[in-house]
Amino acid sequence: MISPYMIFAAILLLTSGAYVIGRKRAFAVAGDRAGLMQMHSRPTYYGLLTAMWCGIPALVIFSAWSVFESGIITQLVIAGMPDSIRDLPPDRLNLIVNDIKNLVSGNIVSAEMNQTLRAAADHYRQLQAISSAALTVVVLALIMIATTMIMRAISPSLRARNQVETIIKWILIACSTIAIFTTIGILLSVLFEAIRFFEKISLTEFLFGLKWSPQMAIREDQVGSSGAFGAIPVFAGTLMISAIAMVVAVPIGLMSAIYLSEYANRRFRAIAKPLMEILAGIPTVVYGFFAALTVAPMIRDTGLGLGLDVSSESALAAGLVMGIMIIPFVSSLSDDVINAVPQAMRDGAYGLGATQSETVKQVVLPAALPGIVGGVLLAVSRAIGETMIVVMAAGLAANLTANPLKTVTTVTVQIVTLLVGDQEFDSPKTLAAFALGLVLFIATLILNVIALHVVRKYREQYE
Amino acid sequence: MNNPSSQPNGLNPQGRRAIEIVNAGLARRYRKERRFRLYGISAILASLLFLSFLFGSIISKGYSAFQQTFIQLDIFFDPAILSQESLSTANYPGIVKQSLRQMFPEVKSRQDKRMLYRLVSSGASFQIRQMVLDSPEMIGQTLQVWVIADDDIDMLEKGHFDLEAPEGERRIKDIQLAWVDRLKKESRIEKRFNRILFTAGDSREPELAGILGAVAGSFYTLLVTLLLSFPIGIASAVYLEEFATQNRWTDLIEVNINNLAAVPSIVFGLLGLAVFLNFFGLPRSAPLVGGLVLTLMTLPTIIIASRASLQSVPPSIREAALGIGASKMQMVTHHVLPLALPGILTGTIIGMARALGESAPLLMIGMVAFIVDVPGGFTDPSTVLPVQIFLWADSPERAFVERTSAATIVLLAFLIIMNASAVYLRKKFERRW
Chain G
0 MISPYMIFAA
10 ILLLTSGAYV
20 IGRKRAFAVA
30 GDRAGLMQMH
40 SRPTYYGLLT
50 AMWCGIPALV
60 IFSAWSVFES
70 GIITQLVIAG
80 MPDSIRDLPP
90 DRLNLIVNDI
100 KNLVSGNIVS
110 AEMNQTLRAA
120 ADHYRQLQAI
130 SSAALTVVVL
140 ALIMIATTMI
150 MRAISPSLRA
160 RNQVETIIKW
170 ILIACSTIAI
180 FTTIGILLSV
190 LFEAIRFFEK
200 ISLTEFLFGL
210 KWSPQMAIRE
220 DQVGSSGAFG
230 AIPVFAGTLM
240 ISAIAMVVAV
250 PIGLMSAIYL
260 SEYANRRFRA
270 IAKPLMEILA
280 GIPTVVYGFF
290 AALTVAPMIR
300 DTGLGLGLDV
310 SSESALAAGL
320 VMGIMIIPFV
330 SSLSDDVINA
340 VPQAMRDGAY
350 GLGATQSETV
360 KQVVLPAALP
370 GIVGGVLLAV
380 SRAIGETMIV
390 VMAAGLAANL
400 TANPLKTVTT
410 VTVQIVTLLV
420 GDQEFDSPKT
430 LAAFALGLVL
440 FIATLILNVI
450 ALHVVRKYRE
460 QYE
Chain H
0 MNNPSSQPNG
10 LNPQGRRAIE
20 IVNAGLARRY
30 RKERRFRLYG
40 ISAILASLLF
50 LSFLFGSIIS
60 KGYSAFQQTF
70 IQLDIFFDPA
80 ILSQESLSTA
90 NYPGIVKQSL
100 RQMFPEVKSR
110 QDKRMLYRLV
120 SSGASFQIRQ
130 MVLDSPEMIG
140 QTLQVWVIAD
150 DDIDMLEKGH
160 FDLEAPEGER
170 RIKDIQLAWV
180 DRLKKESRIE
190 KRFNRILFTA
200 GDSREPELAG
210 ILGAVAGSFY
220 TLLVTLLLSF
230 PIGIASAVYL
240 EEFATQNRWT
250 DLIEVNINNL
260 AAVPSIVFGL
270 LGLAVFLNFF
280 GLPRSAPLVG
290 GLVLTLMTLP
300 TIIIASRASL
310 QSVPPSIREA
320 ALGIGASKMQ
330 MVTHHVLPLA
340 LPGILTGTII
350 GMARALGESA
360 PLLMIGMVAF
370 IVDVPGGFTD
380 PSTVLPVQIF
390 LWADSPERAF
400 VERTSAATIV
410 LLAFLIIMNA
420 SAVYLRKKFE
430 RRW
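Heads up: the protein sequence lines correspond to chains G and H, in order. Residue numbers for the first sequence follow numbering that gives the first Met the number 0, beginning at 0 and rising by one. Residue numbers for the second sequence follow numbering that gives the first Met the number 0, beginning at 0 and rising by one.
Hints should not be assumed to be uniformly reliable.
Covered stretches of chain G (in silico footprint by chain H; criterion: 3 or more residues with CB under 8 angstroms from a CB of chain H, positions within the stretch not fixed) [stated by the list, open to error]: (1) 57-71; (2) 290-301; (3) 349-356; (4) 436-449.
Derived by calculation from the structure, the hints in this document are not laboratory data. These figures come from a predicted structure and were not determined experimentally. Just so it is clear, CB atoms sit at the ideal spot from N, CA and C, and this is done for glycine as well.
For reference, chain G alone in the conformation it holds in the complex:
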């Protein structure tokens, strides 16, 4: 049995071999030093060209094969099974296919083994062997044909360098389009599932409904869990936690940025700024752990001391810690825009007799305001999309409340709870996660576009 790793290694090996042969061939064609001068390109380029002709088609075939192999084999195995199994509903069929795959890879099988399953697994293994053998043959043949063709083409007049550079340029272009494909991929994957969700639950119910309880009945006769998909409580919870975070982050971040850029001397700045940026580098899961384990109990105890009824998963704890996380974000963005305000404006204010704080408040901040607003918008979009802190420190219950001491839930928490663990792929419960994801993506996209636009426009103003 030939494993894909081996084929991949062989392709890489043959490619580097092709480079060596191509280069040698160029030397051979040239003959001597004088001949070398007559060649269009340096021998290295002939080697590179050979390697590219050898490696690129083989790799393309290899990756396409690996992507589609298992799907095609599965279809063939299903087609080869008795009718009684083929006619099962799709979800049951999926379970059986899973069992077969487990059997093939030697894992524990959930269902009891029977003759059909074992036959199917053998069939699967057989097809896999055929497939990898076929892949090996195809790849090797391709490599051989391409290499011989290019070897025969090597001649003093072959413009090897130009060809190599054109190929590289196309590779560069392909790489740079990945960003576009990622965006399209996100949009399509979220959109498709969201549309399937909205076929079952109406858009208005989702956007304006006041009750969120996505537990669906698994059996028809189950009591009390019909599922309600009104997302308003979820949105409200997200907004409340983000608002608490911004209340913490904006004043602290902005004031530190002002102090660092207007008051602090070089040495203080050189120490304080990197220290503050450590806050931005701490993984969010660490913040979540900190919020759940240290901050939330602290807030609850303080609340109890004051005679308040505080939930142990209060919005306040999650929002507070999220605010701490966002401080460096606000501060470094504001720092940039404050530094971009021309010194002449400050000098003008000082010339009129303003104190430093009056200059900051009445000249620098108004001038930097659009940039600061842009930075704050970016920070809001971070807060809305932040996941781990709220998953660990905020609750699951979708309460529609304005009390920050109560438990609320957020969009990201709901996405995680709905999608982690076992899922059935057609139920509105799972699809709801994608609908929430769509809302999240659109909301952050709008915020980002506005913020980037504002920041860029502002930057141009002073350049």
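For chain G, the structure is supplied; the task is to place chain H on it using the hints.
Leaving out everything else, chain H in the frame of chain G:
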């Protein structure tokens, strides 16, 4: 200071000179100034305070996990139980229990015995088994062996146990406390360096749980991320910065990159779930898929950093290369890229550090499973260090709090090393043109 057009003598309508008004307000204005300064410095101090509080709370909770309580038992390697044929499947828990019974012969009732057995971890029997398999000649002898204590005893030894609570609510009963005291008097209890934490995979028992599986998962995931995002990131940055002409298409690419940099990470998880798992049928919980998702997530960071680094290479270098007859590609590969490489590397390390700490998108593609085995390849089910922290943080046992903090310390140590090397690289190779 004065207003010559209307008040030639510098008097205002109330008959005061302007300078007097200014002077009258000066003290107030200076107070305001000082107050403003104070706000600024206290904002900075507040964030530094949060930082030290965070580190302090995690380190103070987690440092004790690097030690583990062990109990010394007199183990009699009973030949009656350890027959040569079935060494690997013999009744090792029985051996441990037997030695406990011998040490505390006064324990008679079934219930008390069960509590007695609970002093040592269930991992002790595996330890004995390994010893026997390694050197079968010890069968028949009685040896003093240090075995792992149960996590409750461990917590008791580390002082994390509330002895004030009524006995009924405690996990350790009074009778067990008496046994522990006796063991302590015989100096049979001792804390040692916790090797298990670094050499074991996950476990339901806190005293047997380690981070090696998660570290290996993180390693494979990051390897995939690095191998993909580094070349692709450089390639797109080079294209956008050196080759692309300013047109609609490149504008679109740029807008996309900037937006992707700000898209919430969990959305990338949704993409991975829908595209890589459901459409392409790649395996769940695999570092390969995790690496792909993290690649898409870190690419914008790397591209933006690389572009900035390429931009900082002065045009004179490019012109000189072109002037002596280099092609554009040669100019880039021979001159511009080597000069920009330190900056690109710095950006890549920072991107990798972010990827190492990321967990939300990995939850979506199933890297949250409880996995005991240490993964050995790119398609083995595995988890990563931050997700391990997330999983342990959910566990109710007190001992897991300590483990979680210890895992966090390890994660933070990795991040600090990565970021410090990025800073070092930048300092060392920073060039002003």
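Tested hints:
1. 57-71: The restraint on the stretch 57-71 of chain G holds, since 3 of its residues have a Cβ under 8 angstroms from chain H and three suffice.
2. 290-301: holds (count 3)
3. 349-356: holds (count 4)
4. 436-449: holds (count 7)
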